[in-house]
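Student: Sequence:
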Amino acid sequence: MDFRLDEDQRAFAAAVRDFARSELKGSAVELAHQPGYPWDVARLLGKNHLLGLTLTEEDGGQGASLMDAVIAIQEVAYASPKAADIVQAGSFGAIRTLAEYATPEQKERFLPGLLSGEKLISLGMSESEAGSAVTELRTTAVRDGDEYVVNGTKIYGTHSPEATLYLVYVRFGPGTSNIGSVLVERGTPGFTVGAEHEYMSGERWSELVFEDCRIPAENVLLGPGGFKKQISGFNVERIGNSARALALGRYAYEEARAHALVREQFGKPLCEFQGLQWKFADMAVKLDAAQLLLYRAATDADDGLPSAYDTSVAKLACNTAGFECANEALQVMGGLGYSTDSLVEYCLRRTRGWMIAGGSLEMLRNRIAESVFDRRFDQRR
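Residue numbering for the sequence shown follows this note's numbering, starting at 21 and increasing by one per position.
It is worth saying that the hints were derived from the structure and are not from the lab. We put the CB at the ideal spot given by N, CA and C, even for glycine. Do not rely on the hints blindly, as some may be mistaken.
[What the hints assert, rightly or not] Listed next, the in silico BS3-like pairs over lysine-lysine satisfying Cα-Cα at most 25 angstroms (straight line): (1) Lys248 to Lys288; (2) Lys139 to Lys67; (3) Lys288 to Lys299; (4) Lys127 to Lys249; (5) Lys45 to Lys67; (6) Lys127 to Lys139; (7) Lys139 to Lys45; (8) Lys288 to Lys127.
[Stated by the list, open to error] Pair by pair, the computed Cβ-Cβ distance ranges are: (9) Ala304 to Arg158: 43 to 49 angstroms; (10) Asp302 to Arg158: 41 to 47 angstroms; (11) Glu238 to Asp302: 51 to 57 angstroms; (12) Asp320 to Met220: 33 to 39 angstroms.
Whole structure, please, built from the sequences with the hints as guidance.
Tutor: Below is the structure:
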């Protein structure tokens with residue numbers, strides 16, 4: 021089996037790399053420490069066709085494969101780690117579920133603004149009592165004539181303070197079979213975006229509060245029975261999470277490698293110390309192994325949506341490799357790596373969060389074990 025990129029993929033990677041180095045690299049440190057969503061960069065990426073990569077051309081996207089999108093998000097991340105978040109939001113995140121299952125009218129209303137970088141979609145999934153156990157969600161949507169009345173709260177949503185549109189997981193009735201999703205626009209009466217809270221990565225989130233929030237019936241994305249479809253779409257988001265985690269680990273690795281070649285201690289470069297040589301050898305193996313598992317998940321995707329097993333394996337490997345390599349790179353660089361003058365400490369903080377977001381490592385291991393034993397393990401009491 022040939023694990024190398026083909027000629028077209030290499031050409032695409034080179035084109036994205038040239039753009040990212042020219043337009044994004046120079047402001048990478050400033051952007052990483054800039055609070056809020058970088059709308060100017062989003063519009064730039066939209067103008068250069070780096071949003072909607074996995075969406076069909078009929079929907080206004082680029083009609084690219086999931087593998088192409090992985091290549092693009094990683095090349096952007098190598099130049100500007102935070103800019104890759106915008107590629108995630110525009111190709112891998114909730115937008116992918118929206119494009120997969122939306123009606124033609126919903127696509128016409130929402131996709132153009134999202135693909136141009138003028139609008140932003142956020143996922144409302146987690147609740148105070150429904151994190152990994154997402155089927156325990158309590159937010160409800162009750163039919164009332166031509167409208168649905170939504171009540172509940174959501175927390176920890178990526179880009180929730182700035183988003184203009186929210187894909188919200190709701191319960192239309194009791195049981196998992198009645199879980200689905202609705203689309204709620206910012207400014208809808210009864211919908212409040214709460215105060216901002218900050219993660220250790222510097223990212224921010226806001227509580228989403230729905231109090232008798234009325235939305236038109238045409239804003240239902242997936243009705244009762246839509247939960248499995250939503251999770252299938254969510255697997256694409258996990259691929260983006262995996263790709264960014266791995267890319268930031270490699271970014272930190274390359275920074276530390278360059279540092280070790282020139283930084284001298286005790287009269288010789290750091291790279292000549294065997295202890296550091298072994299660190300870099302271990303990092304190289306982890307990064308390469310995780311990259312291959314990520315490629316497998318992307319290339320083996322069925323109808324554009326990767327399998328739960330391949331996604332779980334890739335995310336576990338990429339999250340672990342990304343964090344461990346960022347951590348080791350910081351150790352190699354010492355004070356410089358720990359300083360905010362370098363993005364290595366930023367990479368460490370970001371990769372740590374992705375070990376929780378999009379499916380914790382523990383939940384991924386549960387999913388993998390179910391495939392190993394070909395049976396379902398119920399985590400409930």
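Student: Now, for every hint given, state plainly whether the structure supports it.
Tutor: Verification of the supplied hints:
1. Lys248 to Lys288: violated (57 angstroms)
2. Lys139 to Lys67: Status holds; Cα separation ~13 angstroms.
3. Lys288 to Lys299: holds (17 angstroms)
4. Lys127 to Lys249: holds (17 angstroms)
5. Lys45 to Lys67: holds (18 angstroms)
6. Lys127 to Lys139: holds (13 angstroms)
7. Lys139 to Lys45: At roughly 24 angstroms apart (the allowed maximum being 25 angstroms), Lys45 and Lys139 satisfy the hint.
8. Lys288 to Lys127: Measuring from Cα to Cα gives roughly 60 angstroms; hence the hint is violated.
9. Ala304 to Arg158: 43 to 49 angstroms: Cβ of Ala304 to Cβ of Arg158: about 46 angstroms, so the range 43 to 49 angstroms holds.
10. Asp302 to Arg158: 41 to 47 angstroms: Once the Cβ atoms are compared, 44 angstroms apart, the range 41 to 47 angstroms for Arg158 and Asp302 holds.
11. Glu238 to Asp302: 51 to 57 angstroms: holds (54 angstroms)
12. Asp320 to Met220: 33 to 39 angstroms: Taking Cβ atoms as reference, Asp320 and Met220 lie about 34 angstroms apart, which means the hint holds.
Hint violations for this structure: numbers 1 and 8, all remaining hints satisfied.
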